[in-house]
Amino acid sequence: MIISLTYIYYIAGLFVALIALLAIRDNGNSKRILTGIFWALYAISFLFGTVIDPMYVGGMVILMAIIAGFGGVGMGKHVEATEQQRMTQSQKLGNWLFMPALLIPIITVFGTVGLKDVKIAGLDLFDKGNITLVSLGVACVIALLATMLLTKEKGMQPIRESRRLIDAIGWAAVLPQMLATLGALFAAAGVGQVVSNLVSAAIPVDNRFLVVFAYTVGMALFTMVMGNAFAAFPVMTAGVGLPLIVKLHGGDPAVLSAIGMFSGYCGTLMTPMAANYNIVPAALLDLPDKNGVIKAQIPTALMLLTVNVFLMYFLVF
Amino acid sequence: MLTLLGIAVVIVGFVLRFNPLLVVVVAGIVTGLAGNLPLDKILTIFGDAFIKNRYLSIFILTLPVIGLLERNGLKEQAQKLIGNIKVATTGRVLILYLFIRELAAAIGLTALGGHAQMVRPLIAPMAEAAAENKHGNLPEDTRNKIKAFAASADNIGVFFGEDIFIAFGAILLMKGFFEQNGIIMEPLHIAMWGIPTAIAAFVIHGVRLFLLDRKIERDVQNGIATHDKVKGDAAL
Numbered sequence: 000m001i002i003s004l005t006y007i008y009y010i011a012g013l014f015v016a017l018i019a020l021l022a023i024r025d026n027g028n029s030k031r032i033l034t035g036i037f038w039a040l041y042a043i044s045f046l047f048g049t050v051i052d053p054m055y056v057g058g059m060v061i062l063m064a065i066i067a068g069f070g071g072v073g074m075g076k077h078v079e080a081t082e083q084q085r086m087t088q089s090q091k092l093g094n095w096l097f098m099p100a101l102l103i104p105i106i107t108v109f110g111t112v113g114l115k116d117v118k119i120a121g122l123d124l125f126d127k128g129n130i131t132l133v134s135l136g137v138a139c140v141i142a143l144l145a146t147m148l149l150t151k152e153k154g155m156q157p158i159r160e161s162r163r164l165i166d167a168i169g170w171a172a173v174l175p176q177m178l179a180t181l182g183a184l185f186a187a188a189g190v191g192q193v194v195s196n197l198v199s200a201a202i203p204v205d206n207r208f209l210v211v212f213a214y215t216v217g218m219a220l221f222t223m224v225m226g227n228a229f230a231a232f233p234v235m236t237a238g239v240g241l242p243l244i245v246k247l248h249g250g251d252p253a254v255l256s257a258i259g260m261f262s263g264y265c266g267t268l269m270t271p272m273a274a275n276y277n278i279v280p281a282a283l284l285d286l287p288d289k290n291g292v293i294k295a296q297i298p299t300a301l302m303l304l305t306v307n308v309f310l311m312y313f314l315v316f
Numbered sequence: 000m001l002t003l004l005g006i007a008v009v010i011v012g013f014v015l016r017f018n019p020l021l022v023v024v025v026a027g028i029v030t031g032l033a034g035n036l037p038l039d040k041i042l043t044i045f046g047d048a049f050i051k052n053r054y055l056s057i058f059i060l061t062l063p064v065i066g067l068l069e070r071n072g073l074k075e076q077a078q079k080l081i082g083n084i085k086v087a088t089t090g091r092v093l094i095l096y097l098f099i100r101e102l103a104a105a106i107g108l109t110a111l112g113g114h115a116q117m118v119r120p121l122i123a124p125m126a127e128a129a130a131e132n133k134h135g136n137l138p139e140d141t142r143n144k145i146k147a148f149a150a151s152a153d154n155i156g157v158f159f160g161e162d163i164f165i166a167f168g169a170i171l172l173m174k175g176f177f178e179q180n181g182i183i184m185e186p187l188h189i190a191m192w193g194i195p196t197a198i199a200a201f202v203i204h205g206v207r208l209f210l211l212d213r214k215i216e217r218d219v220q221n222g223i224a225t226h227d228k229v230k231g232d233a234a235l
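Going line by line, the protein sequences match chains D and W.
Using numbering that gives the first Met the number 0, the first residue of the first sequence is number 0, and each one after it goes up by one.
Using numbering that gives the first Met the number 0, the first residue of the second sequence is number 0, and each one after it goes up by one.
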């Protein structure tokens with residue numbers, strides 16, 4: 000193949016490495032060294048992840064968690080465009096501003112669907128096994144060029160702007176990947192099996208409806224406990240979805256995943272554990288009741304969960 | 000049963016508000032040890048899974064584009080676009096925002112919304128203003144209800160929209176999970192099956208937002224009624 004996923008990781012790695020460099024040189028951040036090390040370790044995982052012994056990568060990952068866990072990842076200093084500048088630019092560029100942002104999904108879908116079988120000189124243009132991801136990577140590069148052309152911004156400015164955004168996201172940028180490692184450990188330690196045994200003991204597994212009910216409602220409950228559907232998904236799917244719905248009853252894993260994850264999101268709407276969606280906004284909006292947002296969401300979440308149970312039951316088999 | 004200790008760690012860690020990265024790592028180590036895995040094996044699983052799941056973080060490649068566009072007035076333009084659409088009621092403002100938020104998230108533009116960027120400065124004030132135009136001054140409870148619903152529109156829009164965008168982390172997490180279990184799926188295929196729920200989410204929450212207008216009207220009338228009653232009592 001001509002463009003493989005590895006190249007996309009190299010681009011991401013270089014990009015994060017530049018961010019690490021800017022972070023270390025940022026005198027406005029009192030934790031600049033630790034912040035820089037955090038992003039540098041992350042960059043290394045992109046650039047050399049497959050070369051380094053996984054055991055040492057594991058050590059790096061734990062080091063990153065320790066740095067972030069004890070508040071080592073700080074906000075940098077950023078020179079932002081003033082409101083006046085942004086207004087002037089938006090007046091000048093108008094709705095063209097939406098064009099590069101829209102290019103990303105459009106090119107991603109076009110690459111995934113349209114360029115799947117394109118060959119140049121006998122070689123596949125894109126890595127077929129990871130066509131969506133490669134298309135996304137290519138889309139981002141093209142959209143960036145388009146943005147730079149449109150806005151006439153040059154040099155390190157895109158990196159500086161990215162650092163502004165990634166600083167706002169902070170260590171949370173790594174959280175999905177970290178939760179995936181938890182999923183892998185749960186799998187290796189047999190947590191799914193334990194949950195599966197518990198569920199199998201509790202319900203008659205040959206009843207399709209009850210199995211679907213246990214999986215969807217279980218996703219919502221588990222998400223409420225863990226505050227995150229990403230963390231609940233591997234456990235519930237390994238324990239109930241995969242063995243009972245897919246393997247025992249022959250359900251479609253794509254339907255199972257899509258509706259299962261959405262059932263988890265119904266749980267997210269109802270839990271204070273999902274702080275950044277439910278508790279932080281209540282504070283931002285000066286609500287006297289910190290559960291006010293959750294209360295507004297509970298009826299929608301319960302109705303939607305009911306819909307999901309039936310959608311899953313009718314679509315998955 | 001001991002292997003479920005990791006789950007307890009997660010719960011306790013989040014309740015005590017420790018840093019989630021740290022909580023996850025500790026929960027992983029505890030789970031591994033409870034499952035009788037040696038420490039070097041646990042480290043290897045950490046490293047292996049972290050590298051295999053690098054694709055979860057490919058979204059960072061969109062940041063230079065979004066960052067540059069923001070610097071050049073993307074948000075201002077988005078606000079202008081929403082502000083130009085003349086709507087009269089709280090419910091309609093929020094239904095429109097729910098719609099735009101869900102649609103934008105579905106095509107990957109999750110950066111177009113958010114509680115800090117959009118809801119507090121723009122959406123909640125617009126929704127309140129719409130109710131004020133109609134009813135004059137609002138009871139405090141009603142005002143808080145409108146704000147809470149503004150936040151809910153953002154959450155529901157982004158949650159049930161973004162899973163139909165193929166590059167979003169959740170889709171890739173699902174793909175990765177099944178790949179580890181020997182089942183290969185195309186992200187686009189998973190994204191497609193999210194559409195029925197995404198539509199249901201819009202309809203259910205949209206109807207509730209539509210009914211919010213009547214609720215506000217009732218609240219205001221009751222508020223005025225109590226107010227009048229109090230005044231009436233005072234007159235006696």
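Worth flagging that the hints you see were computed from the coordinates, not collected in a lab.
One thing to keep in mind: the hints can contain errors.
[Unchecked claim] In silico SDA-like links for lysine to any residue, alpha-carbon gap of 20 Å or less:
#: 1; chain 1: D; residue 1: Lys127; chain 2: W; residue 2: Glu178
#: 2; chain 1: W; residue 1: Lys74; chain 2: D; residue 2: Ile168
#: 3; chain 1: D; residue 1: Lys151; chain 2: D; residue 2: Asp251
Checked hints:
1. Of the pairs offered as hints, the one joining D:Lys127 and W:Glu178 holds, with about 15 Å between alpha carbons and a cut-off of 20 Å not exceeded.
2. Of the pairs offered as hints, the one joining W:Lys74 and D:Ile168 holds, with about 18 Å between alpha carbons and a cut-off of 20 Å not exceeded.
3. A hinted pair counts as satisfied when its Cα atoms are at most 20 Å apart, and D:Lys151 with D:Asp251 does not qualify at roughly 48 Å.
Violated hint for the displayed structure: number 3, the only one.
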